[in-house]
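Number of protein chains: 2
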Amino acid sequence: MPESLKDIGEFGLIRRIDELLKREGVQAPGVTLGIGDDTASFKARSGYEILVTCDAVVEGRHFLSRHISPMELGRRCMMLNISDIGAMGGHPLYALISLGLKNETLVTDIEDMYRGFLAELHPFGASIIGGNLTKSGDGIFIDITLIGEVEEGRAVRRSGARPGDVILVTGYPGHSAAGLQLLVQSLVSEDHPLVRAYNKPSHRAREGRAVALTGCARAMIDTSDGFLGDLGHICEESKVGALLVQEKFPVSEELKEAAKMLKREPEEFFLRDSDDYQLIIACGKKDVDPIRAAIALTYSGPVTEVALVTAPEEGIRLLLPDGSKVSLSAKGWDHFR
Amino acid sequence: MPESLKDIGEFGLIRRIDELLKREGVQAPGVTLGIGDDTASFKARSGYEILVTCDAVVEGRHFLSRHISPMELGRRCMMLNISDIGAMGGHPLYALISLGLKNETLVTDIEDMYRGFLAELHPFGASIIGGNLTKSGDGIFIDITLIGEVEEGRAVRRSGARPGDVILVTGYPGHSAAGLQLLVQSLVSEDHPLVRAYNKPSHRAREGRAVALTGCARAMIDTSDGFLGDLGHICEESKVGALLVQEKFPVSEELKEAAKMLKREPEEFFLRDSDDYQLIIACGKKDVDPIRAAIALTYSGPVTEVALVTAPEEGIRLLLPDGSKVSLSAKGWDHFR
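Protein chains in written order, with my numbering: chain H, 1 to 337; chain C, 1 to 337.
Since the hints were made in silico from the structure, they are not lab data.
Hints are supplied without guarantee of correctness; some may be wrong.
Claimed, not checked - Cross-link-like lysine to aspartate or glutamate pairs, in silico, DMTMM-like; alpha carbons within 25 Å at most:
(1) Lys239/C with Glu19/H
(2) Lys6/C with Glu314/H
(3) Lys239/C with Asp18/H
(4) Lys6/C with Asp138/H
(5) Lys6/H with Asp138/C
(6) Lys239/H with Asp18/C
(7) Lys200/H with Glu10/H
(8) Lys102/C with Asp138/H
(9) Lys6/H with Glu19/C
(10) Lys239/H with Glu19/C
(11) Lys239/H with Glu10/C
(12) Lys22/H with Glu237/C
(13) Lys43/C with Glu152/H
(14) Lys102/C with Glu104/H
(15) Lys22/H with Glu152/H
(16) Lys43/H with Glu151/C
(17) Lys260/C with Asp191/C
(18) Lys248/C with Glu265/C
(19) Lys286/H with Glu314/H
(20) Lys102/H with Glu59/C
(21) Lys6/H with Glu111/H
(22) Lys43/C with Asp191/C
(23) Lys102/H with Glu104/C
(24) Lys22/H with Glu236/C
Keep in mind it's a predicted model, so treat the numbers as computed, not measured.
Chain H on its own, in the form it takes in the complex:
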């Protein structure tokens, strides 16, 4: 019988995780105390600000355990948080993992989930320094707090966009959600590129940091709520409007084909759907080139000018191919609706 949590108990599991982290993890710089005390501790570098974010993933809500392996689940949860640190221009350093588990959860599954966390943290030299284990109700939850650093005054917020700025977006937002629909409706196999975009999402954290270091970006956000929802966050925090140009949307041939199969418009996937972790960046027109160059250091996908920042009273509008303009409601993904 494979070992479950009720076989080894909470302290048995803590020991197993501790051993795994000692064997397979790294120690991030600045840690003065890791797992195994009332708190963890670290020393911040002088000249840096500390960034902190948290994101929880709930079984049955954000994932179905029959559709994702524990390792992939771990990667995805950590990736979400790394994406947020990157969208500020920061470098991830320390993670705290809070798990709500069931008695029958297998110990090897938990270990594989931690391997997923580590696989995402390793490229940054980041480490797991603490956490919490508890029993959950009918589904497990994984709540990660990720701490990073950014040079003082260099963080790129949502609030700096100004009328006249250009809006850039990286990659192909919409791919991941279309891939999930193809998968759920069993229309393609698991190695379809859009399904891969869903199953193995990647962040643009390195590119976000490179953009921040240029000093050229006025606002930046990752697309976790869908392009339109996240552009809406920038508009709200910056108190501006935006004019989107439909003809410029980065809609790939694969997305067009998928949209046809799914009887939806590809532009709708781009605008409304979540689960891609790309970047939206606002900058002055003259700063587009240095920002493209910074992103190109580590990312070969497209960086597309899709919109212009406008006055706040104009709201968010879409310029259609026939020259007409329609108003859009910037509703992002809402967990309770």
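Following the hints, put chain C in place on chain H, whose structure we already have.
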């Protein structure tokens, strides 16, 4: 009809929480960016280490919503985390609140829960700087990450106890658990002092900080897993044993009476039961007085010498009133057993 989450949605709730925090919260020093971006950020003070801890509370597991008001629940969850920062000798500064909620959760209940968080944070000038909202399964969960600071090198760990040290404990561990049993079995009214100890638990974070500042404590921990479980953590991390003296246990008259009603030994409540947030401190014999004086600055309850630190091979033993010694197994509260 009172408003629920499905009436106002995730972003409606974020707005309501934001407004409540602006109205009723304070801004902790060092915050450079609060709620409303991809991450929060702060600037650490030079000469300080950052402490970080997280603790999750799950409905049906740690609390039953019919037995605790949302405000009390909020206080309790924040208190657990403040207790951990205090047990290192730190000062709490910034909290991130991650909530798993149900569609039918009432908005006013969430607001009251936040008032509970703030009631515990205010005395420290600490603030809520971020968080996450999601839908949970069959019960809500509240996961708090609390960040604090401590003067560099001043944190008191679990690992510094040495043979010959004295073990001190504050207050009356066991009161809270006995109160819960009295309540569950409907043996007393809600204003019974032990029931109050359960319903309105308090931390010794101020006292922990005062102890750390004396520089006299060799090890410290809070009693969240029960006295014996947490003394076990000190012994394990410090690689020492301990000899407990039963006659010295701080067993109050109230606990003796309650134990009689519950047909259990009062010493068992003291040793095994959790839900009190007192401090266990190891120090040299000559340092007992300055530590007592530091605690007395803000706490009028007892500080009791209950044990001596011994060599590791002796394990944890209990000296009984008849002079005999028995070995104890230092099992703390285990979520999966």
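Verification of the supplied hints:
1. Lys239/C with Glu19/H: It holds: about 18 Å lies between the C-alpha atoms, which stays within 25 Å.
2. Lys6/C with Glu314/H: violated (29 Å)
3. Lys239/C with Asp18/H: Roughly 17 Å separates the two Cα atoms, so the pair holds.
4. Lys6/C with Asp138/H: Within the cut-off at roughly 21 Å; holds.
5. Lys6/H with Asp138/C: It holds: about 21 Å lies between the C-alpha atoms, which stays within 25 Å.
6. Lys239/H with Asp18/C: Distance of about 17 Å is within 25 Å: holds.
7. Lys200/H with Glu10/H: violated (30 Å)
8. Lys102/C with Asp138/H: This hinted pair holds, its Cα atoms lying about 13 Å apart.
9. Lys6/H with Glu19/C: Status violated; Cα separation ~43 Å.
10. Lys239/H with Glu19/C: Answer holds: Lys239/H to Glu19/C is near 18 Å, not above 25 Å.
11. Lys239/H with Glu10/C: holds (21 Å)
12. Lys22/H with Glu237/C: At roughly 16 Å apart (the allowed maximum being 25 Å), Glu237/C and Lys22/H satisfy the hint.
13. Lys43/C with Glu152/H: Holds, because 8 Å separates the two Cα atoms, which is no more than 25 Å.
14. Lys102/C with Glu104/H: Answer holds: Lys102/C to Glu104/H is near 24 Å, not above 25 Å.
15. Lys22/H with Glu152/H: violated (32 Å)
16. Lys43/H with Glu151/C: holds (10 Å)
17. Lys260/C with Asp191/C: holds (19 Å)
18. Lys248/C with Glu265/C: Satisfied, since the Cα-Cα distance of roughly 15 Å is no more than 25 Å.
19. Lys286/H with Glu314/H: Distance ~24 Å between Lys286/H and Glu314/H Cα, so the pair holds.
20. Lys102/H with Glu59/C: Holds - the C-alpha atoms of Glu59/C and Lys102/H are around 14 Å apart, at most 25 Å.
21. Lys6/H with Glu111/H: holds (15 Å)
22. Lys43/C with Asp191/C: At roughly 44 Å apart (the allowed maximum being 25 Å), Asp191/C and Lys43/C break the hint.
23. Lys102/H with Glu104/C: holds (24 Å)
24. Lys22/H with Glu236/C: Holds - the C-alpha atoms of Glu236/C and Lys22/H are around 18 Å apart, at most 25 Å.
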